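**Student:** What follows is each chain in one-letter form.
Number of protein chains: 4
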Amino acid sequence: MSTGSFGFLGLGIMGTPMAKNLLAKGFSVTVWNRDSAKCASLVEAGAKQASSAAECVEASSITFAMLADPAAASAVVFGPKGVLEAMTAGKSYVDVSTVDDETALKIGEAITAKGGRFLEAPVSGSKGPAEQGQLIFLCAGDETLYSEITPQLDVMGKKSFFLGAVGAGARMKLVVNMTMGSMMGAFCEGMALAEKSGLEQSQLLEVLDLGAMANPMFKLKGPSVMKRAFPPAFPLKHAQKDMRLALALGDQLGQPLPVSATANEAYIRAKGAGHGDSDFAAVYEAVQTKP
Amino acid sequence: MSTGSFGFLGLGIMGTPMAKNLLAKGFSVTVWNRDSAKCASLVEAGAKQASSAAECVEASSITFAMLADPAAASAVVFGPKGVLEAMTAGKSYVDVSTVDDETALKIGEAITAKGGRFLEAPVSGSKGPAEQGQLIFLCAGDETLYSEITPQLDVMGKKSFFLGAVGAGARMKLVVNMTMGSMMGAFCEGMALAEKSGLEQSQLLEVLDLGAMANPMFKLKGPSVMKRAFPPAFPLKHAQKDMRLALALGDQLGQPLPVSATANEAYIRAKGAGHGDSDFAAVYEAVQTKP
Amino acid sequence: MSTGSFGFLGLGIMGTPMAKNLLAKGFSVTVWNRDSAKCASLVEAGAKQASSAAECVEASSITFAMLADPAAASAVVFGPKGVLEAMTAGKSYVDVSTVDDETALKIGEAITAKGGRFLEAPVSGSKGPAEQGQLIFLCAGDETLYSEITPQLDVMGKKSFFLGAVGAGARMKLVVNMTMGSMMGAFCEGMALAEKSGLEQSQLLEVLDLGAMANPMFKLKGPSVMKRAFPPAFPLKHAQKDMRLALALGDQLGQPLPVSATANEAYIRAKGAGHGDSDFAAVYEAVQTKP
Amino acid sequence: MSTGSFGFLGLGIMGTPMAKNLLAKGFSVTVWNRDSAKCASLVEAGAKQASSAAECVEASSITFAMLADPAAASAVVFGPKGVLEAMTAGKSYVDVSTVDDETALKIGEAITAKGGRFLEAPVSGSKGPAEQGQLIFLCAGDETLYSEITPQLDVMGKKSFFLGAVGAGARMKLVVNMTMGSMMGAFCEGMALAEKSGLEQSQLLEVLDLGAMANPMFKLKGPSVMKRAFPPAFPLKHAQKDMRLALALGDQLGQPLPVSATANEAYIRAKGAGHGDSDFAAVYEAVQTKP
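Chains as they are written, first to last, in numbering that gives the first Met the number 0: chain A, 0 to 290; chain B, 0 to 290; chain C, 0 to 290; chain D, 0 to 290.
A few of these clues could be false.
Treat identical chains as interchangeable: a pair holds within one or across any two.
Stated by the list, open to error - Once the Cα atoms are required to be at most 25 Å apart in a straight line, the calculated SDA-like pairs of lysine to any residue come out as:
| # | residue 1 | residue 2 |
| --- | --- | --- |
| 1 | Lys289 | Pro230 |
| 2 | Lys226 | Ala67 |
| 3 | Lys158 | Arg33 |
| 4 | Lys240 | Gln131 |
| 5 | Lys158 | Gln202 |
It is worth saying that the hints were derived from the structure and are not from the lab.
Predicted, not measured: the structure shown is a model, and the values here were computed from it.
With the rest of the complex left out, here is chain A (with noise of 0.2 Å):
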């Protein structure tokens, strides 16, 4: 293990692109998936490649992970040859994969347990952002590994924030995203609403895009819902779990959040009709009625 040499675990849709971006400013980085077939690329740019997380971790001082789930996170560290057989003082563990607040507090214990430095680091931004290098990061855990790796940030993303303890990277996401479930349903009521009044729904759109409104969501979203298609970006199942997670954070708080809830009881209607795998914006579909 070199100083200033990078691991990087899960090379899907997200993690592929960010760790080419790392590649690309000439960081030296050293790569693991679970299928070896997907490093052939990376390695072709440059990466080392390691036969497991625990080499991978071995031959890193900082390790950076994007896994699919929270059973994924899991298993890459507390799996066999995984990321804490190897993991010692001196070395470092970022999750940059989307899990919930518990599985991020178990990492970041076993992580330090064992001597090493723990950030959470959840990313906003899909495929694009990751390829441009325009993600952000949501960060909490070890501020001094934040600052460190600000370098590292800054090539894969846009902006990055830090939060505090481990557990705040999660809740901002759910808080984000419970917001923008409540949002799309207060949008997609504006929609249902125009149309039974007889106006023309493209027509709402501009006279939002022209006020204090306005925002790339109703833009981006308006004609699908104009047109009654929702090819997934954000998959409707998806968005509604993460409206449950924030109420139940917000119940476990003791902070009521009616608005919130109601709109959640849309995409519960939408995803019982059928809509689960569509985009999230087919909340529209369980709140529009026939004329």
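Given chain A's structure and the hints, the job is docking chains B, C and D onto it.
**Tutor:** Using the frame of chain A, we list chains B, C and D on its own:
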């Protein structure tokens, strides 16, 4: 009356700058205001002054009106020496006041019964945009008239829409304001959950501003929420009134609007707690609870 | 006019059995109905017949009125040959119709301005209780008058309440009907969840009927829900109208009512889907979703 | 073990009177409790005492269990000297504790894997009904076993239901408690609106008690609301937990439950304001607002 002469009734916060913008572009304008003192600055800027609404209409081919509310808008039309007394074929009336559906229809019918042409054109935007000629006009009624006054609307605003038969302007305004009220409710729940979760509200604002939901309203009202200071730009009681009217429209059309109905109850809670005269972002006071 | 002579205006489904019950107990009753044919069965039972509302009031010391709606109630009082023409000091008027707050106040003021006494007394109960003398009277206005007519109210009903100044009767009715509408909404959600959960709705009804929530409404409406058959006892559109008016009352008083507002939107959904003329239990059609 | 010998595990507020009722009818009962001191009064009443759950099962053909919560119910089955160690073909286990869907399934599978028979039988009713033998049993699982223990259930309760496969008992309880929580929410909104409207809450209670909505719960909790005193019969935090679980069930099944979701947020508001340990009628504290 000469062709291309304009009347302007109502010289308040909005009407004064709108009429001034017309004058500044060289249009011939005759003004009238119930309190005639308010005519002085316009006369100085080149306007003629009429001694009654009827006289103003008589002197003009097209008369604009910007009155405070439905009662004032009706009084100026139907009252003694009012608009109707001078309305004849060949004359036009453009009401840019914010009135309800029914008042717009009643005025429109009275104007057309006299042979005149009518356009309902409520504006989106407040004092600043009025001064800068950046208003948005939501027009409905006589489409030929709409086309003819495009040069004048372009002087006073940045964009105008023609929405259909009289009433459509009022309905569009309700749809927009309902969407705004619910979106603000969603935003305040996000801000409240952030605080209860131990997150910095300022960081949530930054994250929101970098993503798909970024919009001027969150940017403008976020700091108000953080400071819990709500100087009235759009008073909460007016925002709640618009939500009530929009919900009544949904009721009448058989369009359920549960998210907006729930948000409306939060505004009622805020109003009941004494925040009716604060800015509508003060709905936050009804959303957040003590820690 | 002799002391203790009663008038009765309005001989519909409710008024006819109410007046008959008065006659059966030996009270002297003069009747009037807009369509005079409906007086026949009453005259046969011993009633005198008046040719106008005014004549009926003239012949009676205390006149009851059971009219269809606020418009009819107002017409009978303010119209030609109406109640007001014959109202004088020493006479009393008891309006048992269901009218709104404002109509009750307007009629009350007109009666008392003529020197008469006024009692608002909307009833709870429909055709069956009217026939069996089992109505409930929600009275407000002149308390002395209320005391004097106790014998008559006891003949027509099983219980009467004195609630305060005019308007209180109408408000009590709204509160009761709002509670009923929301409780029905809660019930329908329970029934829908039972079905989705693979439970027998009939077993849920049995369990509910054995516990603290046991009530005649669940017992009566449960089988309707199971059969999805909703013959109108209390039409959904009327139930929804009462919820709308109750929510407006809460709005005016600064009392948030989110559960009722959400239930109201379910009624609007049901109404929009064509169930307005069905029984109000048809809100179930808006609650349940296809499996 | 003799045929017709019964075991009883868990001698708390509910279990003690239930076991006593069995003894009083002459059934042979062996008891066990974690804190053995609680066995004394039962032994005095004729019970045999076992030194462990396993010993109790060994001595009995059918064993009942009334444990505090899912954790306790699981510990008694799976722990050392627990139920499973003695479970064999020919023996039966009837869990009358209130546990969740999943715990019921897990216990049921373990019992049947050992060759035993299992019945889930959560009760509706609290201390009083337990003493008076007036409980309601919501049974699911082995139907033959259900039939065989009818005499015992009839001694402890007034009614029992067989609902289907294991899990149905837990689901029925959630449906019932969700309906109850929402109905209480509706009731509290009615009471709050009455007060704000200047009506006497006591009169509203009387009116409700005379009509189709009359039920023991309004009668019992109405005075609590009037006095704003909420000694815990069913603690609010437990009522809210059941609503949360019922909403999660609806979520999982695609059944939207907006009225209950909105009521749930009122309970969360009440819980957040410190009323979690009060009776669930204390949701009134979250509904009413200062005048």
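**Student:** Taking each numbered hint in turn, which are not upheld by the structure, reported in ascending numerical order?
**Tutor:** 2, 3, 4
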